[in-house]
Amino acid sequence: MMRLERRTHVPLYLVVIAPLAAIFIALLLAAGLIAAAGVNPLTAYGEMLTGALGSRLSITEMLTRATPLIFTGLAAAVAFRARLWNIGGEGQFFVGALVTAWIGHSLGVPGWIGIPLLMLAGMAAGAALLAGPAYLRLRFGVDEVVTTLLLNFIVILFVGLMIEGPMRDPLAFGWPSSVPVDGDFRLPDLIPRTRLHIGLLFAIAAAGAVWLILARTVFGAETRAAGLNASAAAFAGISLPRTIMGVALLSGALAGLAGSVEVMGVTAGVTTTMSPGFGYAGIVVAMLAALHPAGVVAAAVFVATVFVGADAMSRATGVPSFIADVIVALCLLTMIVALLFTTYRVRR
Amino acid sequence: MSDAIDLLLNTSLWASVLRIATPLIFGVLGALLCERSGVLNLGIEGIMTMGAMSGWLAVYMGAPLLVGLMIAALCGAAMGLLHAMLTVPLGLSQHVSGLGITLFASALAYYLYRLLVEVGDLPPTIEAFQPLNVPGLSDIPILGPILFSQALPTYLALFAVAAMAYVLARTPLGLAIRMTGENPHAVEAQGLNPIRIRIGAVVAGSALMAVGGAFLTTTAFNSFFPGMVQGRGWICIALVVFASWRPGKALIGAVLFSFFDAYQLRLQTAIEGVPYQLFLMAPYVLSIVALVLVARRAEVPAALMAPYRRGER
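If you're matching them up, the sequences are chains U and H in order.
Read in my numbering, the first sequence has 43 at position 43, and its numbers run on one by one without any break.
If you want my numbering, it's the 1-based position in the second sequence plus 348.
Source of the hints: derived by calculation from the structure; they are not laboratory data.
Since this is a predicted model, take the numbers as computed values, not measurements.
From the three backbone atoms N, C-alpha and C, an ideal C-beta is built for every residue, glycine too.
It is possible that some hints are incorrect.
[Said to hold, decoys possible] Just so you have them, the derived chain H footprint on chain U, three or more residues with Cβ under 8 Å:
1) 64 to 73
2) 250 to 259
3) 299 to 312
[Unchecked claim] So the derived list for chain H, only partly shown, Cβ under 8 Å to chain U, looks like this:
4) Leu438
5) Leu456
6) Val603
7) Met629
[Said to hold, decoys possible] Quick partial rundown of chain U residues pointing at chain H, CB under 10 Å, derived from the structure:
8) Ile25
9) Leu28
10) Tyr45
11) Leu49
12) Leu53
13) Val142
14) Asp143
15) Asn152
16) Phe219
17) Met274
18) Gly277
19) Tyr280
20) Ala281
21) Asp325
22) Ala329
Please take these sequences and the hints and turn them into a complete structure.
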């Protein structure tokens, strides 16, 4: 009879190997599905790598895609650490984007004042959206998983309402789009003549800031305590409601910032299709990173590589690009199993 | 405004309520069964998507409609088994595993659909379930078309409610499932295996969810397209709480919800000048409100979301 026994000490090599092993096994499993499409999996993975990392342009595209994923990954990591199940990253992304476009369209200040202001506005919108479910959990005991998930649908409908109504861009043709942010508030390019913008640096800075908050402040220690053992934390005199609400505001703000930066850096206006599931993919990013802020940056780059690479691979080989979603989802499942073996060991 | 009231008296509104409720009834029963045994199954949204795709695909490839439903159930059960293995013997976070299952099952469904089906300008269609008139009863004025002119899966859903209520409340198996959700250690002391009971409940519950998804592609519509489950799985998770984990109340919840959904659909065309998105939001807002109203007196299964490890508390 095998049984699991909690490790008293987690060796560092396991922390590094776990995500790599998880990704390897996920790619192995997805290879079966690629083979089913009549394509050699090695050829397909080769196309994916060159598609995402093969040229300067493709690398900048991949990093452009990774930028919002770093933010939403951080949002999920911060929340999950405290066992606040924020599945509403997608909705918070959209309110952040919407508020940024709304204010940024007609704000009459110079760019260097306006850009930080708009980022703050996006953060406030995301934080406010998650504060609702957090309040409902603390006050009435309503499970935040369901409320944050349902809010995603409500927000997307609201975005549709705004961009077809009050915020409609009269100059946009085809699909409805919101009015764009003023040119002064477009984020400067990081590399000229590519879509990569300085938002990437903001995202990396955010990861550093979150790491500092979690590792070096009292609030960070309180969130960890709340996540590990809520009743013990309460017994130690930590105010659980205050901690949970603080986590909610931070997590929502990060996801809102993702939307804000995406609008100022890439899309200028808001459309209902501007996110290919950044909020949901952020959950995978956070788990692959084992909820660690530094790991989030690496995991976001990996997930972005899969998505950008899969598009190129699909064009070259005809394998449906949904394989990217399959790979990413498989990574999440293999990663949680891998994490189990870093915290437990198998005993006979 | 009088239009809005006229709509309420329209038989076709009431006839559509049970039709809209059918996928929710299957889904909520499935979620309820999982949770009664102590396992939250957030894989539901993906499992319904998988059921919608696989059931449709089977019929598209020549299987009879009922066989399509069975294939959907099998595919759902397979996804449920995966969730069960991760959360019950391994004791992983039910939240994270469930979300992983939802992402995986929907991605796999879309991938296989694109791989196996030639999609032109319009998605290909199948011959869907048709309304089944119960002889004699369907001719009753008003009640006939509302209750007795539904498609076969709707009657199956109503039967499933009765069967679930009976099994849970009146059989040794039902008692074991409920006890596993309340106190798995007591189940172990009775000489039963809580691990097996949980795996079984999650597999069976997931099969029911998938049949709910298959209703969308084999009855409500006759084709499959990405995003068609549209949060119905999450609504079911909310309905389970609303129903205090009881099958009869779950039926009432699903019907109530569907009534509002059917009504808002008709109001969209009857009332002009209001953006249609506001009507579409109503069911989601309503679900949140319902959750808040019942949260205080919810009788949550005591061991819900608590992994069971032998000899560990």
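Hints and how they fare:
Residue count for the segment 64 to 73 of chain U with a Cβ under 8 Å from a Cβ of chain H: 0. That is fewer than the three needed, and the coverage hint is violated. Requiring three or more residues with a Cβ within less than 8 Å of a Cβ of chain H, the coverage given for the segment 250 to 259 of chain U is violated, as only 0 such residues are present. Check on the segment 299 to 312 of chain U: 0 of its residues sit with their Cβ under 8 Å from a Cβ of chain H, so the three-residue criterion for coverage is violated. Proximity of leucine 438 of chain H to chain U holds as hinted, the smallest CB-CB distance being about 6 Å (cut-off 8 Å).
Here the hint on leucine 456 of chain H is kept, as its CB sits about 6 Å from the closest CB of chain U, short of 8 Å. Below 8 Å, beta-carbon pairs count as interface contacts, and valine 603 of chain H has none with chain U, the closest being about 19 Å; its hint is therefore violated. With 8 Å as the threshold, the beta carbon of methionine 629 of chain H comes within range of chain U, its nearest partner Cβ sitting at about 5 Å, so the hint holds. Hint status for isoleucine 25 of chain U relative to chain H: violated, with the closest Cβ pair at about 13 Å, above 10 Å.
For leucine 28 of chain U, the interface hint is violated, since its Cβ never comes within 10 Å of a Cβ in chain H; the closest pair sits about 15 Å apart. For tyrosine 45 of chain U, the suggested interface contact is broken, since its CB lies about 16 Å from the closest CB of chain H, more than 10 Å. Checking leucine 49 of chain U against chain H: minimum C-beta separation of about 20 Å lies over 10 Å; hint violated. With its C-beta approaching chain H no nearer than about 23 Å, leucine 53 of chain U sits outside the 10 Å limit, and its interface hint is violated.
Annotation: valine 142 of chain U was flagged as interfacial toward chain H, and the flag holds, the nearest CB pair being 5 Å apart, inside 10 Å. Proximity of aspartate 143 of chain U to chain H holds as hinted, the smallest CB-CB distance being about 7 Å (cut-off 10 Å). Interface hint status for asparagine 152 of chain U: upheld, as the beta-carbon distance to the closest one in chain H is roughly 8 Å, under 10 Å. With its C-beta approaching chain H no nearer than about 23 Å, phenylalanine 219 of chain U sits outside the 10 Å limit, and its interface hint is violated.
Proximity of methionine 274 of chain U to chain H is violated relative to the hint, the smallest CB-CB distance being about 16 Å (cut-off 10 Å). Look at glycine 277 of chain U: its Cβ gets to within about 9 Å of chain H, closer than 10 Å, so that hint holds up. With a least beta-carbon distance of about 7 Å to chain H, the hint placing tyrosine 280 of chain U at the interface is held under the 10 Å criterion. Taking 10 Å as the C-beta contact cut-off toward chain H, the hint placing alanine 281 of chain U at the interface holds, the least distance being around 9 Å.
Among the interface hints, the one on aspartate 325 of chain U holds; its C-beta lies about 3 Å from the nearest C-beta in chain H, closer than the 10 Å criterion. A least Cβ separation of about 4 Å between alanine 329 of chain U and chain H falls short of the 10 Å threshold, and the interface hint therefore holds.
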